[in-house]
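Residue numbers (this note's numbering), protein chains in the order written: chain B, 18 to 84; chain G, 18 to 84; chain L, 65 to 249; chain F, 65 to 249; chain Z, 13 to 273; chain A, 13 to 273; chain U, 41 to 396; chain P, 41 to 396.
Don't read these hints as lab results, they were simulated from the structure.
Predicted, not measured: the structure shown is a model, and the values here were computed from it.
By construction, the Cβ of each residue, glycine as well, lies at the ideal position given by its N, Cα and C atoms.
Honestly, I wouldn't trust all of these hints.
[Stated by the list, open to error] Heads up, simulated DSS-like pairs for lysine-lysine below, C-alpha to C-alpha not over 25 Å straight-line:
#  : chain 1 : residue 1 : chain 2 : residue 2
1  : G       : Lys61     : A       : Lys199
2  : B       : Lys61     : Z       : Lys199
3  : A       : Lys179    : A       : Lys199
4  : P       : Lys329    : P       : Lys339
5  : B       : Lys84     : Z       : Lys206
6  : P       : Lys339    : P       : Lys268
7  : A       : Lys19     : A       : Lys199
8  : G       : Lys52     : G       : Lys84
9  : A       : Lys31     : G       : Lys52
10 : Z       : Lys199    : B       : Lys58
11 : L       : Lys84     : U       : Lys44
12 : U       : Lys362    : P       : Lys362
13 : P       : Lys329    : P       : Lys268
14 : Z       : Lys179    : A       : Lys179
15 : U       : Lys329    : P       : Lys362
16 : U       : Lys314    : U       : Lys339
17 : A       : Lys259    : A       : Lys179
[To be verified] Derived contacts from chain A toward chain Z, CB cut-off under 10 Å, selection only:
#  : residue
18 : Ala116
19 : Ile117
20 : Gly118
21 : Met127
22 : His171
23 : Lys179
24 : Pro185
25 : Gly218
26 : Gly256
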Amino acid sequence: MGYVVINAEICKGCELCIEACNRGALAVSEEANSKGYMPAKLAKPEQCNGCTLCAIMCPDVAISVYK
Amino acid sequence: MGYVVINAEICKGCELCIEACNRGALAVSEEANSKGYMPAKLAKPEQCNGCTLCAIMCPDVAISVYK
Amino acid sequence: MIERVRLAGFGGQGIMFMGKILAHAGMLAGNQVTWIPSYGPEMRGGTANCSVIVSDTEIGEPVASRPDMLVAMNEPSLRKFLPAVRPGGIIFVNSSLIHEVDVRDDVRVINIPVNDLAREAGQPGAMNMVMLGAMLQHLQGVNRALVEEAIRENIPSMRKNMLEGNLTALAVGIGAGAETPVPAL
Amino acid sequence: MIERVRLAGFGGQGIMFMGKILAHAGMLAGNQVTWIPSYGPEMRGGTANCSVIVSDTEIGEPVASRPDMLVAMNEPSLRKFLPAVRPGGIIFVNSSLIHEVDVRDDVRVINIPVNDLAREAGQPGAMNMVMLGAMLQHLQGVNRALVEEAIRENIPSMRKNMLEGNLTALAVGIGAGAETPVPAL
Amino acid sequence: MNETAGKPVFTPTEGMTGKPLHYCPGCSHGIIHRVIAEVLAELGVLGRTVGIGPVGCASFCEQYFNIDWVGAAHGRAPAVATGVRRAVPEAVVFTYQGDGDLAAIGIAEAIHAAMRGEKITTIFVNNAIYGMTGGQMAPTTLVGMKTSTTPYGRIAAEHGQPLDIPKLFAEIPGAAYVASGSTDSPKAVLQTKKYIRRAFETQMAGQGYSIVSVLANCPTNWGMTPVQSMAWIRQELMPHFTMGELKVPANLEPAKGGRPE
Amino acid sequence: MNETAGKPVFTPTEGMTGKPLHYCPGCSHGIIHRVIAEVLAELGVLGRTVGIGPVGCASFCEQYFNIDWVGAAHGRAPAVATGVRRAVPEAVVFTYQGDGDLAAIGIAEAIHAAMRGEKITTIFVNNAIYGMTGGQMAPTTLVGMKTSTTPYGRIAAEHGQPLDIPKLFAEIPGAAYVASGSTDSPKAVLQTKKYIRRAFETQMAGQGYSIVSVLANCPTNWGMTPVQSMAWIRQELMPHFTMGELKVPANLEPAKGGRPE
Amino acid sequence: MVQKLLVKGNEAVSEAGIRAGCRLFFGYPITPSSEIIEYMARRLPEVGGQMVQSESEVSAVYMMLGAAAAGERVMTGTSGCGFSLMQEGMSFLAAYHLPVVVVDVSRHGPALGNLDPSQGDYFQMTRGGGHGDYYTFVLAPSGVQEAADLTALSFDLADKYRMQAIIAMDGVLGQMMEPVEFRDPPALELPAKDWATRGKGNGPKHDATGYTLDPVVSEQRAVAMADKYDLVRATEQRWEAFETADADLVVVAYGTAGRIAKAAVHMAREQGQKVGLIRPITLWPFAAKPIEAVAQTAKGFLVAEMNIGQMVEDVRLAVNGKAPVWHHRTLGGLMPTAEELAERIRLLVGEVSTHE
Amino acid sequence: MVQKLLVKGNEAVSEAGIRAGCRLFFGYPITPSSEIIEYMARRLPEVGGQMVQSESEVSAVYMMLGAAAAGERVMTGTSGCGFSLMQEGMSFLAAYHLPVVVVDVSRHGPALGNLDPSQGDYFQMTRGGGHGDYYTFVLAPSGVQEAADLTALSFDLADKYRMQAIIAMDGVLGQMMEPVEFRDPPALELPAKDWATRGKGNGPKHDATGYTLDPVVSEQRAVAMADKYDLVRATEQRWEAFETADADLVVVAYGTAGRIAKAAVHMAREQGQKVGLIRPITLWPFAAKPIEAVAQTAKGFLVAEMNIGQMVEDVRLAVNGKAPVWHHRTLGGLMPTAEELAERIRLLVGEVSTHE
Ligand SMILES: Cc1ncc(C[n+]2csc(CCOP(=O)(O)OP(=O)(O)O)c2C)c(N)n1
Ligand SMILES: Cc1ncc(C[n+]2csc(CCOP(=O)(O)OP(=O)(O)O)c2C)c(N)n1
Ligand code: SF4
Ligand code: SF4
Ligand code: SF4
Ligand code: SF4
Ligand code: SF4
Ligand code: SF4
Ligand SMILES: [Mg+2]
Ligand SMILES: [Mg+2]
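So here's chain B without its partners, still in its complex pose (with noise of 0.2 Å):
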């Protein structure tokens, strides 16, 4: 079990980590952030398991990985 904090004001939306998420746990949010990106959210919190494999592909170092 794990849980990721996205930081939605600088992510990019690049979606590099919902592609490494192999546990489908993350997508992109409706809303977008003031740059006018559609950032990255934990959409199934259920499914983390705290793996880092997400944060390791972000650009944006936008993503934090607690267990």
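Dock chains G, L, F, Z, A, U and P with the ligands against the given chain B, drawing on the hints supplied.
Same frame as chain B, now just chains G, L, F, Z, A, U and P with the ligands:
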């Protein structure tokens, strides 16, 4: 049988031809040319077989070979 | 007559193209025009802007650093360029994305919900043309016919759908512009 | 007092060293001096030359382009530099190698067979010092003691043979110089 | 934090300043920055490291690294690094360079730093294009690839074939450590991080020059989404460049894992 | 002629102007000039060849070649050659470059001409030193060798080890023909001449870039007689550089003879 | 009427170059000039030409040298750092008397500076940033049409005098679109390039070199270059003069600053101020003639530049103490505004009148 | 008395650099400067320093940049082509405010020219041959002793102002031996290099960069540079004046030409002609002050240069029309003779007297 003609004025006396001639036909002159170099000369014409090895090594294109 | 316009928004909102159409139409009208994009790594920020000047005499300053009109397609753009607008100027605001406008009282704000209008018109990508249509009645250097001609010249004829979509959006914008009240100063 | 000297010959005749000794001795005498070598690919031609100026006042032109004295250690050097010698100047000719001198009648020629003298003195490599010795009586900016001191300072003390050979050659040159008639102009 | 408390297992490294990055969405530069910063932090050398920046999209990257920094002119980072290296014997010195920067304009400086066995580390970010200036051909651009200066595609007979930088550098005796990784997947990123660590270890052990080539994306100029671009790295770039560790100094054991997929 | 008449079997080539050369006694440059000129004459291309000169002892070599000539700045001959090449499709274009010229200041230009597969030929004269400027270290100077800028000898840990140019260039796909010969003996000279001919043939067949490295002497700056210097090439230089034909395009048969002794 | 096209300055110089017969372009990308190399990449193959992207600007300038030596019309485009790397090559081109055209789309410097327009490279362009005594043509357009026209002209000037020509653009002029008509340049009678190194055929060989150890030859060559430069200075100055006849104050400005200054002069004239403008079009040979002429009557000069003060030296040399010369600088990649210049003019017109 | 040594100019600047604390030298050989790199190769290891022979001058200047950024005193030596290749780097060093010393042993150009002395690189040195608005110190010795002294000074000036300093030598000054005393320079109070990038330790990070996209910051930085240059111009001009007090004609010449001109002025004074000499020692900041001062009284100026006319512009700017300024040029790597200058002086003294 062959012979070589050495242009003593452009010869710089480097002796590469002398070293190259495996028949010992060439030697250093005793007289310097106008630039102060001791040119090579055909010292033992009878030894020359016109093999051109000396000319192949001459950096100053000072040697012509005849056969 | 000189019209100095700054157009700004997100990348992908067609800001550059909109500016080019405006400038091109101005040229077709026999005016002097300049069009200048923002360039270089600023682009990385996800924002884009360009400057258009249309004038019936030689243009000195090439860039609309103090524009008569501002087209703000998103909020950061509005914030960035609002202070530069000349007193008495007009700000065209994309009210689909910009909800609160911290207005200066020496400029006029015209709200056009271009995203919504474009979507409604079935041309969600052509919000730029909606905005251009809405501006038309305030511009002296260009007219509808020339803008349409400019659009035609800038869209390859084989992309017929795109061309028509843009013309449709332009028409929608013209209508919206006519309906939108122009605040007095 | 100013003495402008050009020294020229084949590479290997010690021209550069000779010039340096002359300049060094001039400096030891408390004079202003300059020494300038030819440099760059000219060296490839197998010739070498340098310029030395010794003066009791500030030296303006650094190079002896119009020398008061020419040291010609071989024929090409003589040919090259003869025209530049100032009227009234002296030419020191290595008469071991230069047989015919196409003399100008406004300069004086002093013939010293330095190769022969050096060989005879058992110092075949020190013909440069023989020539320097022969020049001494015509130079005001240096004297024998200072030239000897300069030689000592420029030859590492562990190379004792070389040092002594050079001093011997210098002495031979001084003797030869004294014996050689100086033509009047 | 709006979540239940837990132990942090991944948080931003102290090797970075925390300033938001200016790169396009999904650009590998951010990943590579983070990995380098993590390695330096883990090695405990942030206080004695001097980074040398390129000209390219990473021109401004000094803002992100929490270390001393010197910005080089385009291609000249290895020369600047040499200057720092010789001036500060105790420093850890590295260059961060793109493919235009290192393989085009700066190839002489890089090859000669390698030849000298200069004790510096180079992180070579190969996205097969000039990102910063808007997508022109790089020496590593693949044959057939359309760029803004090869609008008809790179043509082998006219533009030549791409340079395989790791392979070339492995031929230079002074290059003690040469490796080639990627950023296309978490696994590849971790592998690359290991290479970068070993490159710095090579430097710190005084073994000579070390270089890690990292295959990167440029979604903007490739005209792809970030996710597509990572797949393209795997499918198109990787087969054209030698991957894995090409050269390892004797004192380091060969890496486990070998070639990343 | 003061000899009995006979058939000339070796006379100066029409490829040279006959002007006396300015090089030091016994310098390989003269040998290499002559061999190139002979090859061009034998190929019948003197009228359509453009040579590109280096900066080095051969800076003035345009005087000796009986062909059109462009003098390049130090190291830039491959760029100049590229300009001529693209301007005159029917020309035969070659560069003549020393080790300082090609392997130091001009390595970027040379590598990129090779990368582009530029249809030019490079004759690389490696005498392991800067001849022209008075004997400074070159990238090809051997470890331990004293030069005027390595008065204590080239030290591997400080200056690195010499670059093996033919080996490096053989790694570049656009380099179609890569060979490495010498001038230390008549046999080596003849072998080198064959390489040079094949390099030009590669160019004329449109195969790509061709380069012939030629080990040369510099008696003046090595402090040796010419004869000693040739022995030194054999004993010291040859073992450090890859010799023979390293890369031959498919349409040329492999050279007979292989590695020269 | 020829059709007007709305094109960027960078595209205009490229197209004008192609129409002038340029078939070879060698360059390396750099903002804000990259549209030139990109345009060439697209268009040259269509007209049988080639664009070669070099590995650096150092290489680009020598590729140009090779192609120019072979007698071709060649061109490059660059900016700031890139042009600095070409300086050795510019010196070689000058010594070899090889015609080439270089478009320098200046950005703010030194170093990377930023990408904004600047006139900080005036000295580098007009005084030869490379070593040795040499000059190059420097033509400074102030708009896109003029950029096209001067590019066409530059190829002819370069060929006529066997010199190098620089088109002094800046970031704004390069990036800006304005309407352009591509006019066919008047066909100049140009000398045949019988010196070109394309292979000697059966004739005598051609050498393109710049080295001689013979001091007499060196001197002769240097004198020949100096004479050429004197001739060009005497015959090829170009400028735009506007309202100078009765002007008390004459503004001197070129390029982007020049067009802005013109607007400011318009504004000042509307206010009744006696002010005129000289806009040098040739920065080298510097348009000294109109300034020397007007210095007989004008009471002061104002030089407006986007740098800390470079062309102002050429203006001072031309005015030669006859009137005060002020400087208005705009730094950091910014442009002056017409209002700001008009205000400066207003103050100075007051000052020169008081001095009367 | 300190012992005098007979050394080449190239050796003198090298030794003076080492005595000034330079421990790192980066360079590439080029005639007529190569004795510098060779001296450094021999001597630096003896004092714990390093000479790094770079692969090119482009690389050398950036190695210097790295070492200077790290706070070390660094130096290079070069000539002609080599200095041209450093121009981009000079622009970077200026923007980064990094102190370095460059010895430019000029030879005749453009291109390879020849190896003889020349002053053809005056513009390149004094106007910044690289891109952007920047200047560097340019110190021009006229003999070997002065070369040593100015080198020592240059390190202090460079550190004090965080600027680059060029020692403007030429082939003759570099190759010539003259007697030299190495004097310990007066110890200047210099600011600590707290900006050096040597690793931040536990403190805040240091950045040496020259790029910002913020136009306001760009402008501030440009203004700061301009202010620094103004300060240096006001405070650091240096020159030798000789017999100028009552001079009708003032000769202005620097370096090798300067020492020859001095001999010519001596000769003219012996003939009773009222002539003096100003020998600029700082070429940038140009020694304008003494010229402005003497222009109040002198009736004419003669500028003698080994080029087609470069410093003459600075002299004209300083004289500003108050008197005629003539030029005496010597080209092709030649030097003027004192006789030839004395003759020119004689004619001009006649001319200015007639005009009276
Ligand atoms: C001397 C010089 N030439 C050209 C440029 C313009 N320029 C800036 S970045 C760049 C290429 C960047 O490509 P790359 O190194 O691959 O980095 P990326 O942006 O792809 O990360 C170029 C050509 C420059 N700044 N300086
Ligand atoms: C830009 C530049 N830097 C330096 C020089 C000086 N220089 C002339 S030739 C040369 C080196 C020559 O060495 P190499 O290429 O090996 O040729 P060689 O003389 O040995 O045949 C150098 C450094 C120059 N002319 N130009
Ligand atoms: S930590 Fe692992 S499981 Fe959780 S969101 Fe990230 S990738 Fe998915
Ligand atoms: S990888 Fe990072 S930047 Fe990209 S979408 Fe996920 S959180 Fe956002
Ligand atoms: S031709 Fe042969 S045999 Fe005759 S001299 Fe030459 S090398 Fe000797
Ligand atoms: S090889 Fe040539 S130059 Fe050398 S000695 Fe023989 S003939 Fe003379
Ligand atoms: S242009 Fe390419 S390399 Fe540059 S930031 Fe954007 S995606 Fe990354
Ligand atoms: S210096 Fe060396 S390379 Fe140059 S000509 Fe002399 S021997 Fe040959
Ligand atoms: Mg890249
Ligand atoms: Mg060599």
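We went through each hint and held it up to the structure:
| no. | hint | in the structure |
| --- | --- | --- |
| 1 | G:Lys61 / A:Lys199 | 23 Å, holds |
| 2 | B:Lys61 / Z:Lys199 | 23 Å, holds |
| 3 | A:Lys179 / A:Lys199 | 23 Å, holds |
| 4 | P:Lys329 / P:Lys339 | 17 Å, holds |
| 5 | B:Lys84 / Z:Lys206 | 24 Å, holds |
| 6 | P:Lys339 / P:Lys268 | 34 Å, violated |
| 7 | A:Lys19 / A:Lys199 | 23 Å, holds |
| 8 | G:Lys52 / G:Lys84 | 30 Å, violated |
| 9 | A:Lys31 / G:Lys52 | 16 Å, holds |
| 10 | Z:Lys199 / B:Lys58 | 22 Å, holds |
| 11 | L:Lys84 / U:Lys44 | 14 Å, holds |
| 12 | U:Lys362 / P:Lys362 | 9 Å, holds |
| 13 | P:Lys329 / P:Lys268 | 18 Å, holds |
| 14 | Z:Lys179 / A:Lys179 | 12 Å, holds |
| 15 | U:Lys329 / P:Lys362 | 20 Å, holds |
| 16 | U:Lys314 / U:Lys339 | 10 Å, holds |
| 17 | A:Lys259 / A:Lys179 | 10 Å, holds |
| 18 | Ala116 | 7 Å, holds |
| 19 | Ile117 | 7 Å, holds |
| 20 | Gly118 | 8 Å, holds |
| 21 | Met127 | 4 Å, holds |
| 22 | His171 | 6 Å, holds |
| 23 | Lys179 | 6 Å, holds |
| 24 | Pro185 | 4 Å, holds |
| 25 | Gly218 | 8 Å, holds |
| 26 | Gly256 | 17 Å, violated |
Of the numbered hints given earlier, the model fails hints 6, 8 and 26; all others are met.
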